[in-house]
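Enquirer: Here is what each chain is made of, one letter per residue.
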Amino acid sequence: MSGFGTLVRRLYRGEINVDFVGRHKLWYGLSAFLLIVSLAGLLFKGLNLGVEFRGGSVFTFSAPAASIEQVRSTMQDAGAHQVIVQTAGERWRVTTESLKPEAVTKVQQTVSDEFKVKRDQVSVDVIGASWGGEVSEKAVIGLIVFMLAIILYLTMAFEWKMAMSAVVALLHDLVITAGVYAWSGFEVTPATMLGFLTILGYSLYDAVVVFDMIKEVTAKLGTTSKMTYTQAANNALNHTLIRSLNTTLVAILPVAAILFIGTTLLGAGTLKDLSLALFVGMIVGTYSSLCVATPLLVQLKEREPKYQAIARRLGSTKSNKTPRVSAGGREPVAAGAAGAATSAAAPEPPSDKRKKR
Amino acid sequence: MARPTSGQSRPGRTLLLLLALILAMGGAMILQKAFTPKLGLDLAGGTTLTLSPLTPDNRPPSQESLDLAVNIIRDRVNGSGISDAQVAKSGDNIVISVPGVGQEEVIKLVGTTAELRFRQVLAAAPAVIPPAEIPTTAPSPSASGSASPSGSPAATPKSRATEPTAAPSDTARPGVSVSPAGRALSSALVGPASAPSPPAAAATPDQSPSAQATPRATGSTRPARQSTPSPSASAPPPADQQDPLAGMDTTGIDPAVLQQFRDLKCQAQDRGQGAQDDQNKQLAACSKDGAERYILDKAAVTGTEINSASSGVADTTGEWIVQLDFKSKGATEWSKVTTTAFNSQPPRNQVAMVLDGVVISAPVIQEPIPGGRAQISGSFNQQSATELANQLKYGALPLKFVHSSVVSVSSTLGQDQLSGGLVAGGIGLILVVIYSMIYYRGLGSVSVLSLAVAALLTYQAVVLLGHNAGFRLSLPHIIGLVVSIGITADSFIVFFERIRDEMKEGRRSLRTAIEVAWVRARRTILVADAVMFIAAVVLYFLSVGDVAGFAFAMGLTTLIDVVLVFMFTKPLVTLLARLKFFSKGHKLSGLDAERMSSDTTVRTSAPQEA
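Going line by line, the protein sequences match chains X and R. For the first sequence, counting from 1, position 177 maps to 177 in full-length UniProt numbering; every step adds exactly one. For the second sequence, counting from 1, position 420 maps to 420 in full-length UniProt numbering; every step adds exactly one.
Derived from the structure by calculation, the hints contain no laboratory data. A quick note: this is a predicted structure, and the numbers were derived from the prediction, not measured. One or more of the hints may lead you astray.
Claimed, not checked - The calculated lysine to aspartate or glutamate pairs, modelled on DMTMM-like cross-linking and capped at a C-alpha distance of 25 Å, are:
no., chain 1, residue 1, chain 2, residue 2
1, X, Lys138, R, Glu319
2, R, Lys393, R, Glu319
3, X, Lys100, R, Asp278
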């Protein structure tokens, strides 16, 4: 596909120019749709909470020769009910209800006899029903404190409008990631919580890099400038687009590696749970820093009299085209991308949008 | 336009500084013979037990009672002979980590609630073998000092009259538990010698006098552990040959308990920590320091009948005392037992306080104490008084625990998890390396080298933290480290993209472009890293278990990232810019004009034009 090759080349050279900000209605609509779907999933389907939240016992052992039925019946013979058997390679992971210490010993003994495993090679994980709740309660407290700290920090480093936009984008990412979990039925474990919490840092990190560029670019805007805040921010966004994509790719590569190893080699467990949450969250995080955080910020900023004045002056003479568009009339590549700046944005000059607000 | 910074001229010096740092850490590793990280139990195999306190109103327990519970559990675990076990507080939880699999034993150990009971002493004798060591891991030099058994053979024949003046023999046992760090659970017993003052204190048995001078209105008791008649008046002979009960009044004592008493050596293993004592039975128990053993009557009062306990200074004498206030039922029981004790002969005039199967104090009763208010005095200092008061308070509201989680990882599963994490990290690194080589060509080599240095620094930090700060590498840490590859690489990407931006403008030399780009990229990197660091710090201090470990790894790598970008990546790029390969924009350098833009004149970089 030569079209794809050209797109890559254009991306590499930084020639891409997508009107992210101008199409904010599209993004908002998309995000609103995703949020509603996610919330519906959370409300009606609920999260598939792992054994750590329900309480239970998990036995892990290697038994190359065993079959699922064998493992299940062995467990039931040993006195465990509600047996869920999972397997990855030679490894078996059996989840049961929460067992008393004596019962755990008995199961271990039975498994060890039945499958010729050394007794101390049967790993056990017994979790009280309240433990997961405690972990998540702490996580929620951590989350709230973190949000406040971040708002404070970003207000100092940038300004409160950027802080609010970043945090809104953050919540957006969390809800959508949770929605993915609700609809897909992936198990939520404390390791998944870890993943969620990392998404926080990551999503903000991305937004901060974008905002830093916006701040730099828009700092030069004065009464005589040739660009509105919207255009300048969009420029900045396109400027960091390559970085955003690069970073996302570079960050997702190791996560994908963990996900791969975690799924194939180890079966269910910390590695898989964590990396899955990261994988989903990072993709959503990149999208939101480009398409949610920045448009939000722009809408907040365009209300400032200074930028309104610029927009009013330019609005009568210029359309929403950014200066770069002059170079944009290249091949009919990536219509969604290049076309955005030319055809789609043109009928909707910034002045119109301002009036609606 | 060019803004030369000081860093521009001396990239070599910065690199040398970094080299010195790496060598210094390497040297420390060699000196400590520490070359591999200490692994957590989920990687090395072992059992981790998390206990959560269960309080009636779901309120978090007080830190004092939690600390005391940690001490009690630690005593039990250490006393059981399990090696290398760790008992630590984590938030409101207590985490017990035991290498190797054997969770039944540990669960049994911590399965019971430590309770406090008051029991009348029926018989007492010094421990058979002088306790050569204390069950703590603290290398208390006083151990030898404590070897002196019954320092002052008071030699009060049991036939003696039971006047409270027998009490002055309350020479405290030379400080057996001088161990620092909150382990002086027994100190209330041993009086001032137990203060964490230099072990020298152990040499002088404290002859606290003047005790019986003031009978207090509220009723006073006086720790008098020495009033026990030792079997022979002078230095005790090897007790194996002698029945410790010789010449003792054994009426009313269950023969089975007598035998138990004879067998009791009060060594670390059989001191009886955590033994579930039946309150309706007699009991043979040891003092906390292992120097004394007792036969105790059925429990007269249980700790839950204590209303309050406090330590303070007596108005009249100015010495440290512990005050005790019983609830109504306890007050009646207490009155009864003190009356009985008062009317008995030594050693039966003592009432022992037994916490978790161990006698923490056994004061002589100087008078019947009605009304439920008692006062314990004699040979306390501030610390020992506070300690006893805390123990009594704990007894009033013993902390119950639920097993929040018992995780026992076999060594093979641990091994697999470790290798899984490492393989994943390796694959991730390789993918990132391939990507940056393709995308950034020559500059990519900088990021590859930077990642290598980052890996080295991280490894060194993990090893040194493991050997010096008790850091145990666990699976969440490894995942945190692998994930942070992306964050580290992002710093380079931000920097490189800035350089390319500057180059695209086409009016700068590479060297100038690098300096201008660096000033801008530096701020972005610092701000972004600060966000990550705040996330890590908040999570580390507010969360439990794996989350905290993960946050620690995230914070560590963020710091390393900053060090790396400032001390390695930037200087290296500056140095490389002096090479023709880069400055002339070779096709493979990643900075060639063709790849930057096909048409520089049309496309000047927009943002700078604003």
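Enquirer: Can you give the numbers of the hints that this structure goes against, from lowest to highest?
Expert: Of the numbered hints given earlier, the structure breaks just one, which is hint 1.
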